[in-house]
Amino acid sequence: MIEVLLFAHLRDGVGTAKLEINTESLTVEQLKDKLVHDFGLPDLDRVMVAINEEYASNQDQIKNGDTVALIPHVSGG
Amino acid sequence: MKRFEIVEAPIDVQQVIDKVSSREAGAITTFIGTVREWTKGKRTVYLEYQAYVPMAEKKLAQIGTEIEEKWDKAKVAISHRIGHLDISDIAVVIAVSSPHRKAAYEANEYAIERIKEMVPIWKKENWDNGESWIGDQRENTSYPTGRPEGEK
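Chains as they are written, first to last, in the numbering used here: chain L, 169 to 245; chain U, 9 to 160.
Since the hints were made in silico from the structure, they are not lab data. Among the clues, some could well be false.
What the hints assert, rightly or not - Straight-line alpha carbon distances no greater than 25 Å define the calculated DSS-like cross-link-like pairs of lysine-lysine that follow:
id : chain 1 : residue 1 : chain 2 : residue 2
1  : U       : LYS27     : U       : LYS110
2  : U       : LYS10     : U       : LYS66
3  : U       : LYS132    : L       : LYS200
4  : U       : LYS124    : U       : LYS10
5  : U       : LYS124    : U       : LYS27
6  : U       : LYS132    : L       : LYS186
7  : U       : LYS81     : U       : LYS66
8  : L       : LYS200    : U       : LYS124
9  : U       : LYS124    : U       : LYS50
10 : L       : LYS186    : L       : LYS200
11 : L       : LYS202    : L       : LYS186
12 : U       : LYS66     : L       : LYS231
13 : U       : LYS66     : U       : LYS132
14 : U       : LYS66     : L       : LYS186
15 : L       : LYS200    : L       : LYS231
Let's have the full structure, built from the sequences with the hints guiding it.
Spelled out as structure tokens, the structure:
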């Protein structure tokens, strides 16, 4: 199982802070496609992804047990 | 006492300064980011900050490491507040100490730019007539490589 954390407008839009995906392994790109199709998330092209708290690229592999965070443009400060 | 922290309570500026003061320091610069009422003619009523807390603290610490590599003997502390913030409340405090003044100024500016680039903290503006999550404030960031610059 992969845990997907949502923030900012993505959290508001989906109405939850966390999604759980049952899968053994998939790439970041495949996960984005799945979230758009299965959960109705908006276009995730410009959203960054972190796997276990480190930024990842579209080709990186996500494994069972990983925590993935969708990170829209940040605005701290 | 954590030098890089996300907090929900008001930030005590002196406490952040104390974390970097040392006998080697000849300068301490502090940056205080506050909530402004007016942005381009639009009146903010209050702000709401949200963070991916464990990752945000890790990324703030990374900024500290970057600064200590770039500027000899610089020491950094950063506190960022999240939750509901009213006008004039302090959102972020960055303190940098260094043997010399110039490095303390430069490193402090570097820190806030990096925060805006890659620390997972979001800001929701609440206006008289609506609300919106604000993306990158410089409004010029795209991530052609899929991640912020400087991330490997």
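Outcome of the hint check:
1. For the given pair, U/LYS27 sits about 20 Å from U/LYS110 by alpha-carbon distance, which is consistent with the 25 Å threshold.
2. For the hint linking U/LYS10 to U/LYS66, the alpha-carbon distance of about 11 Å falls within 25 Å, and the restraint holds.
3. Note on U/LYS132 and L/LYS200: the hinted pairing holds, with a Cα-Cα distance of about 24 Å set against a maximum of 25 Å.
4. Of the pairs offered as hints, the one joining U/LYS124 and U/LYS10 holds, with about 21 Å between alpha carbons and a cut-off of 25 Å not exceeded.
5. Taking the CA atoms of U/LYS124 and U/LYS27, the gap is near 22 Å; set against the 25 Å cutoff, the hint holds.
6. Proximity of U/LYS132 to L/LYS186 is assessed by CA-CA distance (about 19 Å); at most 25 Å being required, the pair is judged to hold.
7. Between U/LYS81 and U/LYS66 the CA atoms are separated by roughly 21 Å; this keeps the pair inside 25 Å, and the hint holds.
8. This hinted pair checks out: L/LYS200 and U/LYS124 have alpha carbons roughly 24 Å apart, not beyond 25 Å.
9. For the hint pairing U/LYS124 with U/LYS50, the CA-to-CA distance comes to about 21 Å; that is within 25 Å, so the pair holds.
10. Between L/LYS186 and L/LYS200, the direct Cα distance comes to roughly 15 Å. Compliance with the 25 Å bound is thereby established for this hinted pair.
11. For the proposed pair L/LYS202 and L/LYS186, the alpha carbon gap of about 15 Å is at most 25 Å, so the pair holds.
12. A C-alpha spacing of about 22 Å is found between U/LYS66 and L/LYS231, which places the hinted pair at or below 25 Å, so the restraint holds.
13. Of the supplied pair hints, the one linking U/LYS66 and U/LYS132 holds, its CA atoms being roughly 22 Å apart against a limit of 25 Å.
14. For the suggested pair U/LYS66 and L/LYS186, the alpha carbons sit about 21 Å apart, so the restraint of at most 25 Å is met.
15. With a C-alpha separation of about 14 Å, the suggested pairing of L/LYS200 with L/LYS231 holds against the 25 Å cut-off.
When each numbered hint is compared with the structure, no violation occurs for any of them.
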